[in-house]
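Fit chain L to the known structure of chain W by using the hints.
Protein chains in written order, with this note's numbering: chain W, 1 to 384; chain L, 1001 to 1362.
For the record, the hints were derived by calculation from the structure and aren't laboratory data. For glycine and all other residues, C-beta sits at the position ideal for the given N, C-alpha and C. Among the hints, erroneous ones may be present.
Computed Cβ-Cβ distance ranges for the label pairs, DEER-style [stated by the list, open to error]:
| # | chain 1 | residue 1 | chain 2 | residue 2 | range |
| --- | --- | --- | --- | --- | --- |
| 1 | W | Met194 | L | Tyr1135 | 36 to 44 Å |
| 2 | W | Pro228 | L | Arg1008 | 53 to 61 Å |
| 3 | L | Glu1228 | W | Asp357 | 51 to 59 Å |
| 4 | W | Lys273 | L | Gly1077 | 23 to 31 Å |
| 5 | W | Lys273 | L | Leu1139 | 53 to 61 Å |
| 6 | L | Leu1194 | W | Ser224 | 56 to 64 Å |
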Amino acid sequence: MSERCAVIGVGQTHHKAKRDDISIAGLVREAAKAALEDAELTWADIDAVVIGKAPDMFEGNMMPEIYLAPALGAVGKPMIRVHTAGSVGGSTSIVAAHLIRSGAHKRVLTVAYEKQSDSDAMWALSVPQPFAAPLLAGAGGYFAPHIRAYMRRSGAPDHIGRMVAVKDRQNAMRNPYAHLHLADISMEMVEESMMLWDPLRYLEACPSSDGAAAMVLAAEDSISGRYPPAWVHGMAMRSEPTMFAGRDQVNPQAGRDCAADVYAQAGVTDPRKDFDVAEVYVPFSWYEPMWLENLGFCDLGDGWKLTESGATAFDGDIPWNTSGGVLSSNPIGASGMLRFLEVAMQVRGQAGEHQVDGARLALGQAYGGGSQFFSMWVVGSEKP
Amino acid sequence: MSPARTIRPVSVASFAQARNVRRDDEHNEVEMLMPVVAEVFGNISITKDDVDFICSGSTDYLIGGPFSFVMALDAVGVWPPRSESHVEMDGAWALYEAWTLLQEGEIDAALVYAFGRSSLGDLNEILALQLDPYYEAPLWPDPTSLAALQAQALIDAGKATEADFAAIASRSRKSALENPNAQVAIDIAPEVLLEDPYVVTPLRRHALPPITDAVAAVVLAAGDKAIEWAGRRGRKPVWITGMDHRMETHSLGARDLTVSPSTAKAAEMAGVGGGPVDVAEIHAPFASQEVIVAEALGLGGDTTINPSGGPLAANGVMSAGLIRIGEAAEAIATGRARRAVAHATSGPCLQQNLVCVLEGEA
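One chain only, chain L, in its complex shape:
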């Protein structure tokens, strides 16, 4: 593996998401996905017959039953049969799998989608089941408590303060006012947020992500299709110029929780440092985690972080990472950025991280 290997240019040709909500009681996963899949195709006037591969990301544990991805396929309607795959991961990794296939040059377009209704269960209990099933999960450590350990480590290391977390939360939810799909959008000053009670010290209520039902879809395209499909909307293609993801060890005690070496490595391999970053869409569910990821990505003061509002404004489990890629691509396509970075995370305390670099044409 070498960062210098030749990358086939692949574009984020279309992106769509449902309005992120606290609870959608009126639609099941298929019903939530259908209009989004229709929109992601409709944006560029294509149909399912125009994509060569389909890949989705989801987890059975949100719905509480096996094979939740199976019925979700009905949102696309895979008849005649399609070349299709699924990762039990955030949709950002489904996009990575599709991007890998497109690199081989034998296919030119793929549909990627992700879904998850966090409202169906108790995320604090569900996500505890990601931990070592013998030594950790039986203690039911919830993700908020683990993130609080990480936040306290940051404070103890002198790398951040509670006021920093409040500033991040305030900025995120203010930015979300510009995003019609965001769930939590409000203009509240950090000083006011600091009056919130603690949920788990040192994390106050504002530093936690909302609980969100969400679905999202992306069409990837390469070659002539990328140019033609962008042109149908009067746009130029938004190209993925690099993408990589890295894993860290599971044992929290073996990690320095104040840094994210996996993000830094993925950023290096994806080529984040190869130019200025106008916009970064960071999948840091807890405000404290944004400090860590921003540092690992090597971002300077010129980068606008999470203009969409980010996961503090809407945190659909399994789709929030894919939405970061979609939002970063939209920022470029609509002229708000020339070069952007999208980030996705998985596991407790940022254990696994993906970095995607996107660029527009001059």
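Bound-form chain W, shown alone:
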């Protein structure tokens, strides 16, 4: 039977455009050490390590778990490397949680990272492949047409994207680890920034960051740490193909199915009401209203109205991306884990300036590929 699993320690780096003070090994170790300290454990207490990151070509280091094993205290232990595109940080957390739930291990360290300054993600994403649509403009160029399709379908006004860009950067001012701290962010500033991929302007896109995230997960009989555990109430992954006729890339079936699965596990029937906070992978501003609908926080076509009403703001009834989100820190491989980690911080009550008062149940979501890979978990302050 399945064991209960909880997050008992979290750690992250200070995310920056260039962490040239530190190697890749140093980067992951900084996050892992912080997570161990938060769990009040040492390297010796860890039974297994699960590491995730986006494509190896982003740093030019093939299967980096081979090189990073000693830096993460994995020598003599099982170590697994997960790669599921942009959702990888979430999937990595889920694979680690399965190691606990299956009874295989008592305490698992899970780490995700990207050191984008060591290479060029735009180049790595743009290698031509036979019979595949070229991604010459990177992820933003791929997603911009989907955003335009959303705007057309929903009739959303232009300023919604700018509102999300401002809101998430304001939230980031509360998070000392965030990459972007734009104190004077405003609608005008976003509107005046360069158009990158119509309708996305520069300030409506995520930054390119160096950073790592880490968590210690534990079985029910192995709880420790400075803060109460964040119990895993549900977790799920879903994938669908990149291309086929009739696929809805604006509101992907895999996202809806994944949410339905994780809500059923956690007993969530009305996500807007049942969750106190959500961290959702929004690398481009418009993905907030799009995912509000995909995740069932409102009816189809109403996502932008929820954003416009301020419901998802820090003081709204369902705050989204209190950490500042992917729009404020984007170490790609770690971006999904940062979502999962932030909601654990919220229900453990350790989020400091970005703490939502009394947060008890929260949703973390990550997506990747061409909006086709989804990973989600629900964590709560109470035992499931």
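Only chain L this time, still in chain W's reference frame:
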């Protein structure tokens, strides 16, 4: 973690692989996988709707582009959407992830697959990029040279001779004559092989694995499905009774290259010593490495090693480990073994190792 923990019996319900070849120029990864996925389901008359989880193993560096696993999913056709995951590791670790999920008792069947076309690039350059990117990779040490260091250490320690390597290569490629999927199958005496030139001293050409394009797939099943699906072929289930994997440090200078403590630890945790081992399928790409793994597994003279021919007969990068598990399961299912051990490795000089113990029913 305790070796005594209760393991949910999970069976290797079906295994399929493409014929391992030096170069498949006519098919991309999806086209190579499609017939193998069809076969692995067809063997036991199931469809993709009968599996609850999918996990794959591959590396972007073989194809030279990001997200190579993404398009590969088309070989299965994940519509409606599926619960699916991917490891950037040999498919043996994908199988481990799926096995872990099956341990929780909430799902009963999973598809695992692996693919890799080594012919697309230069493996000596590609695998050098696995090394420490600051201090080692810039020197481009190739895997053959690193394996040669290990082989020389074995010779220096008095644990093996070049004749032992030739004997292993000769036996492997002779065994491969019985394996229609093997790439290099030939009966050549060790004395003849010892006339091969050195590639990197002390490794002669025969001690190196072939370069292989390969794909493979396995269906895992638990509970009633395991029994029913085996029965559809008139077989009894082949059960995984233990599985574990362990990592060693990356710095070659900090390791004793003549031993494999990670294999020994994984073997202990997987329970290899709990009974006789009739067949061992060992993923030792270089002949010299088989000596090290066989010792770490604690194998005696009664064990038949690599009846499939092993990686010296076909070494698909990212699939060779999964194929070891599949071949070991087939050896049991076809009555050639009662209990078998499969091994998979990753990294330079056997840095990371996985051990899987399989048993049939009496």
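Structure-based check of each hint:
1. Met194(W) <-> Tyr1135(L): 36 to 44 Å: holds (40 Å)
2. Pro228(W) <-> Arg1008(L): 53 to 61 Å: violated (31 Å)
3. Glu1228(L) <-> Asp357(W): 51 to 59 Å: holds (53 Å)
4. Lys273(W) <-> Gly1077(L): 23 to 31 Å: violated (37 Å)
5. Lys273(W) <-> Leu1139(L): 53 to 61 Å: holds (59 Å)
6. Leu1194(L) <-> Ser224(W): 56 to 64 Å: holds (58 Å)
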